[in-house]
Structures are given as structure tokens and as C-alpha cells.
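Trainee: Below, each chain spelled out in residue letters.
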Amino acid sequence: MQGWTGKILDIDLSSGSINTQPLDKEMARLYLGGRGLGGRLLWDLVGPEVDPLAPENVLIFTTGPITATGVQTSNRFNVSTKSPLTGTLLHSNSGGWWGMQFKRTGYDALIVRGKAPEPVMITITPEEVTIEDATHLWGKTVFETTEALGQDRNKRNVLCIGPAGENLVRIAAIMNDRERALARGGPGAVMGSKNLKAIVVEGDAKNQPADKDQFKFMLYETRKLLKASPLTSQAFPEFGTAVVLNAVNEIGALPTRNFQQTQFEHAYEISGESITDKILVTNQACWACPITCTRLTKTSSGQEGEGPEFESTWAFGAQSGIDDLELIAEANYLANDLGLDTISMGNTIGCAMELAEKGFLPADLRFGQAEKLHDLIHDTAYRRGLGDDLAEGSYRLAEKFGAPQLSMSVKKLEMPAYDPRGMQGQGLVYATSNRGACHETGNMLGPEVLALPRLIDRFATQGKAGIVSVHQDSAAVVDSLVYCKFVNLAVAEEFFARTLTAITGIRFTADDLMKVGERVWTLERLYNLREGFTAEDDTLPDRMLNEPVADGPSQGFTANLAPMLEEYYQFRGWDENGVPKPEKLQELGLADLVAVA
Amino acid sequence: MIDERLYEEFRYIGRDIFVAGLTSSHGGNMSVRVGDKIIIKRRGAQFGRLKPTDFVITSFQGKDSGIIRASTELIVHRAIYEKTSALAIIHCHPRTAITLSLSRDEIIPVDNEGSYLLHKIPVVSVEMASGSIEMANTVSEALQGYKIIMQRGHGCFAIGQTLEEAYHWVSTLEEVSDIILEHKLLGEPLIEYRKHSEAYKNW
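Here the protein sequences line up with chains L and H, keeping their order.
Residue numbers for the first sequence follow this note's numbering, so the first one is 1 and each next one is one higher.
Residue numbers for the second sequence follow this note's numbering, so the first one is 1 and each next one is one higher.
Among the hints, a few may not be true.
[As the list claims (entries may be wrong)] Calculated cross-link-like contacts (lysine-lysine; reagent style DSSO-like; alpha-carbon spacing at most 27 Å):
{"no.": "1", "chain 1": "L", "residue 1": "Lys25", "chain 2": "L", "residue 2": "Lys358"}
{"no.": "2", "chain 1": "L", "residue 1": "Lys212", "chain 2": "L", "residue 2": "Lys224"}
{"no.": "3", "chain 1": "H", "residue 1": "Lys37", "chain 2": "L", "residue 2": "Lys584"}
{"no.": "4", "chain 1": "L", "residue 1": "Lys216", "chain 2": "H", "residue 2": "Lys201"}
To be clear, the hints were calculated from the coordinates, so they are not data collected in a lab.
Values in this document were obtained by computation on a predicted structure and should not be read as measured data.
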């Protein structure tokens, strides 16, 4: 095995058939793995006629050519499907151990089709693949299921859904290794719609590099750069991802009370510093990761678990006007146990709070009501009372109660913890992201706030589209290899290309990889166009476009999207309707796909 | 029209390059990519004294008359934007690096900072050393795998997401070159302190 195993496992839950198909070598070279390969397979398998929760939708779990090699963060994997929340192509990736272990079973990817008549689970080893009854697990939480199936970090790893996925909650996550999440866009609901409770993997195959000396050298050089970066060697290990919360708040870009303000007066109480001071037990790492950003925390009531990450802290904190760090941490444990996307959950709760305060939603709900947080999360996972509406996500909730403009979402995916009025480039990222409002597909936190690779003017718009596009393509590369984005804070494509060359024996340059990134991005765009999305969907909530920030460092700014979007289409080689031009498709090797479509 | 925020970046970087002695008064050029256009320093403008009128906005593929005022090396800039993910380019004439390029096919840093940041700077040779298609092809292809390269006897081309990033590579290259030259003049053997440094040749 040098990079790819060359095999795709293909399981149809309707018929119970288990097949292996070869991985097309040219497809592997053009899309690498992870998000790229998943998107390319999804293009062929799921067309616009398929409802995301119908048996005809598929779940495609993919690893990358670096997975399980031991290179820094080579633990990650991806799931691709059509999202029940947004209707767009969905890709979502996760760390932990499961991805590495799945690769060790001897497959690059797993396609799950159809719907089992009763709840089932899949077990994959190098010797055998089985589909077994899981009726006894249906209804159990993520932690219960993970324990029941014998999670053993380096040997046996469990991926499953919780009650949220079973109840087809549109913001349900797929969880792996207990507390890692394929979170955004509702993949847990797709898994629930297939009556698939869990996938257990046990493997032993090694992903050996083609050029061991060069691989060793690249491991060493990457480690050097990771140690030289204050983020990856100091900030994340000491404070976790929430280390950025104060920085984002200070510049006036921390969305507060459903994006009505951009600074939270209690930011410090819920910051990475406070997590370290008050509830941190120890820091931990995913497989083969030297960064150790994971928090193991414990509250005074005795509850303990992983997190909260920055986005979860924000979602259950500033977004909901709540400053009780222990309740926020417990809300995070609960969301993980029930199998929910914490960003969409917290954002939707904040939306409900504003809807109630403004009289649209007949509920006794106000910002800052920390005591209601846990019940709201619980009710969402089980679709009880108001929770049944929250389970639909913020857009459908706000639309039902007559105020869709109060949903802080793009393409129905809830926006994360950066206000685009204080980070103009981030606004363009949200508006154009193929899976809806998402920071992970081209995060401008680096250049607009953290000076990585260089500090750029966060309020500038001219020239911003190119930087956003490069970050989006780069993120697509990272997601296709599959690295963790945090490695990308210290090293970039020139390192990835040389490492990939050492692993596969096939020469890749930095720009070869960037071309892959652009190809993946454009393919996803084509998928969404085929689903009926248009340039009109590349927008932001009205509040971002028309309500200037009232005070603070971003005072007076709205998201100046129109000129950036025009420049963006030009930069990408798309027409004024956001449709890739024929010559661009030719350049990227995508012309044949559209001709077939 | 160049935006005021972008103009300031050109002006400050241009001044710093000239003041640092990295190019002569009128030599070299720089550009950024904006949408499907390139904003490039006009031909003959002084690096250290750039004005808002010293810039030409020209098409990415060359189908406009902006070429008559643009830098001679516009053809090279276009090729680089076409073949790499660069968003900004600086071409200038750092003298120690040029000196080293006269007798070497690659410049390999011996200092710590240069080793971290660059590992190796390849030196390419072209017969028509200014504004030729041959030069455009050779330089742009070399930059597919490196963020800065030297053209023998002429100067460097550096790329980045911003002008500041490209400037960082230029500044580092000249520091790297100064140290190599001075160590060579010192005449004492190098005491290697970097693990795997022999692999830099293959970077």
C-alpha cells in the first residue's frame, strides 16, 4: 500500500450485498481522496432527483493517500453525501482514530447505499465485512453505543449516530471515537435514514511510503515547522481552539446574541484561558498528532468529556448570550452524546431566542437563559415540543414563524463564530462555500486576524477574492489528502506535495495540488448548480448586508459582498451567473462531466 | 482604478525594496492579481517613489492595450499567474544573489532562518533574459515548485498571496546570499548543525 489501497468497499443495505470495486487510478490522481474523491463519486451516484433522506442517497466515507502513514495528523477521514439540511453536496471530516483504522482494513473508501429494513451495524476487518442486527443499540446514546461496541483507541474504533441521527434531525452529526464529529450539514440524519447505527473497524495493514528516506526527511521538516509556530506548539496545546475567542472578540467579529452584536461582554469567562484555568483536566491528541489541541475537561458537577472547542463555546455561549462556562461545557458533552452539530445547535438556539424576544415565536425564551440550554438540546435530539422545530435548523425554524431573515445561515447552513462585517473576506467565504456558511472551507481567520501567512486588511475588498479562492482551494487540498487544517497553520502545499511524492512515488508539485483543490471546488459548484442552486444563493443574511455594526472596532461596517463576489467570479473563471466557463472546465478536466450531465 | 488600501501596500513595499538595496532606482517590477485582471507597476516607474498613477490594470490574457505602459516583464507575470496559484509577484535585482547565480545552479542556505523558509532556491538560465516567451515559460514552470527562484545574472522572481509575502522571500534570499558569500570569504569549514541538511539539494 503506497498512498492508496486501490479498493473501495461498496455496501447496499437494502439488499445486504457487500462488494469491492477497484479505485480508478486516474480518479485518485485527479481528486486524491477524502473530500475530493468523495465528491467525485457522489457526482456519479446521487443526482438531483434524489431526496437526501431517501434510500437512493449514499454515504461515502473516504480516506486520503496520507491516511495511516504516521505523517502528522494522518488520522482524518471524510464523509460525502447530499445534505438533508441544505440540499447541497455535503462533505464533512473528522479526526480521532477511526479514519486511520478504516484505512488499515485495506480500503480507501466505503460507499453505503440503500436502507436496511431494521437497524443494523457494519463491522469491517481485513478478513471480513459483516452486516449485523443492531436493534439492541437503537435508542442508545453515542457514549453508550461506543462503549457497548468495545472502542479501543489503537485497535478497534467505533463510528455511530446518537438519538439525533435516528430521529432524522437535520443538524445531526455522525460521531466517531466517542467525541469526534462529522458534524456539519446533517450527515447523522442520512445515516439514521438508512437504519445504520454504527460502523466498527479493526485493521492492521500499513500505509508504507514509496521513498522512506524522503518521507523521514519530510516528517522531520514538518515537525520543525510545527514546533516553530506559536499556534501549533504553544497556543493550541495550552488553551485549545478557544484560544482564538478573545482575539476575535477584541476586533469586533465575535457574533453575539444571534449576530446582533459583534462583541460579547463576558468573552473572557468563556475563553480558552478560562477553560484552562477552570475546567481543564489535560490536553490530548488525535492519532499521530503532535499539536494536542483536544481538551479533556471536568465540571464541578463531576461531568467530564472532550471540549468544548471554540465554535461550540461560542455557539452555546456568546451566540446564546450565556456566560456560564460549566453549563456550556456540559451542553457540549450532551450534544456529543446525542449526536448533534454544536455549531448549528447553538446557532439555532440563538435564533429561537431572538424569535421569541421579538414576538415571532410563542415561547418563554430569552437570551442568557442558561438553565434552558440542556433541555433545548435534549428536546432537539428527540424532536420533543419546540425541539421538533429546532431539529429542522434555524432557517426552517425562522421561516415557519414568519421571520426567515432572523436565520443567520447561508444555503440553510448556520454561520459559525466569525461576523463577516468585521472580516470582509470571511463573508465571501460564507457566501460562496459549497456546503453553505462554513469557515472550514477557506477560513480567513489566518490572514484577516492571525497574520497567517501575512496580515491583510480585514476591511479591504479589492484583491480579497483571489485570497479567498486560494484559501478555498488550499482547504480542498487539505481535506482531500486528508490533513488537519491546523497543520496548515505551519506548513503549506510545498510540504504537502513533497510528502505526497514520498508516500506515493508519484511526483506532485505545490501547484499540482492547488490545481486539485480548484478542481474539487469547481466540481462541488457544478454539483450544486445541477441541484438547482444559482448565484442568488451566494449571499449572506440581510443583517450582514444591511445592518451596520452599532459599536466597537467594526462599528459602521456591513458586509460589502457585491464587489467581492463580482471579482470572485472573474477570478475563478466563472460567468456573471456564477457558472464555470467552458474553458475553465476544460482546463480542470471537468468538461466531460458536464457534457454527460 | 487602484484601491487606496492596495496602493499603500505597493508604495510601502516598493520603497522598502529600493531602500534595502534590492534593486536599482528603476529596475524590477511587481504586480498583484485582482479578479481576472493584473495590476502591475508601469514601465520605468521608480520603485522607491511609486504614485497612484504608476500602475497599469491589464487583462489576465493580454487582450487589451494596457501592455503599452506596463512593465517589460508583463509577459512573465502573466505566465506565472497562469501556471501557479500566485496572487502577487515581485521581480527585482538583489545583488549578492545575482553574484551567486553566476556560478551556481542552486542557492542552498546555510543559515537557520533561510533553511527554514526556503530550503533551496533554484537558478534558471535563459538566453533572452528580459521579457521573452522563453523566459516566461522557464520562470513560471520553476515557480510551480518554489516560492522564489533566481534567473542567472538577472534577478529573482518571488510569489505570494500578498506583496508582503513575496517581499519576505526576496529579503530572505538576499540575507541567505550575503551569509553564504561572507562565509565563503571567511574561508573556514562549515560546522553542520542541521539534521538532514543533505536532503536540501533535493528540495
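Trainee: Please work out if Lys25(L) and Lys358(L) have their alpha carbons no farther apart than 27 Å.
Mentor: At roughly 56 Å apart (the allowed maximum being 27 Å), Lys358(L) and Lys25(L) break the hint.
Trainee: Does the alpha-carbon distance linking Lys216(L) and Lys201(H) stay inside the 27 Å limit?
Mentor: 15 Å, holds
Trainee: Taking only the CA atoms, is the gap from Lys212(L) to Lys224(L) under or equal to 27 Å?
Mentor: Roughly 18 Å between the alpha carbons, so the hint for Lys212(L) and Lys224(L) holds.
Trainee: Would you mind confirming whether the straight-line C-alpha gap from Lys37(H) to Lys584(L) stays at or under 27 Å?
Mentor: Between Lys37(H) and Lys584(L) the Cα gap is close to 16 Å, so the pair holds against 27 Å.
When held up to the earlier numbered hints, the structure conflicts with hint 1 and nothing else.
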